[in-house]
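A.B. asks: Sequence:
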Amino acid sequence: MTGKIELAYEGEQEGPLKVGWHVLGEAVKTLWKERLPPVIKDRDDERDQGPYKAILRWFADGNKLVLTDRATTKEHEAVLAGVPSLVELTDKLLKPPAGERALWQEFLVEGLFHGGVIARDETGRGLVYSDLLAHMMGRQDKKKRKELG
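Position in the sequence shown counted from 1, then plus 102, gives you my numbering.
Because the hints were derived from the structure by calculation, they are not lab data.
Check the hints yourself; a few may be wrong.
The list that follows gives simulated cross-link-like pairs (lysine-lysine, DSBU-like), each with its CA atoms no further than 35 Å apart [claimed, not checked]:
| id | residue 1 | residue 2 |
| --- | --- | --- |
| 1 | Lys166 | Lys197 |
| 2 | Lys155 | Lys131 |
| 3 | Lys194 | Lys135 |
Could you put together the complete structure from these sequences and hints?
C.D. replies: See the structure below:
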């Protein structure tokens with residue numbers, strides 16, 4: 103009962119969309135811990151990115167994953183397949199049932215966001231995932247331009 107009251111109260115304060123994203127994020131983190139290796143195994147060496155290295159390198163090279171709610175299923179699957187090793191890693195680590203590969207690919211990407219190694223922006227019609235450092239630097243640049251101009 104307390105959780106429901108807190109969630110309802112927080113929803114009034116933050117908005118239901120923000121609460122929904124928070125709940126989804128907690129679920130992703132919980133399932134990730136149960137089924138997948140950590141993104142960074144040894145906190146002393148954050149360069150050790152394990153099986154996610156090719157995906158993280160793709161983002162670090164300036165690529166963005168743009169998922170829109172207007173895409174057809176085939177378009178959505180094609181966009182996800184454009185991320186190197188995402189298909190192979192999803193099949194190897196999660197073994198998705200037929201027809202659910204795209205769902206589990208999104209889970210992997212969302213887990214990388216919640217693991218703090220990539221950035222996510224919400225647009226009016228979807229999500230954009232990108233390199234975390236480039237994202238932070240871009241925000242700092244925008245802030246500096248605002249201050250100057």
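A.B. asks: Is Lys166 close enough to Lys197, meaning Cα to Cα at most 35 Å?
C.D. replies: holds (25 Å)
A.B. asks: Hinted pair, alpha-carbon criterion (35 Å max): Lys155, Lys131. Please report holds or violated.
C.D. replies: holds (19 Å)
A.B. asks: CA of Lys194 to CA of Lys135, is that 35 Å or under?
C.D. replies: holds (16 Å)
When each numbered hint is compared with the structure, no violation occurs for any of them.
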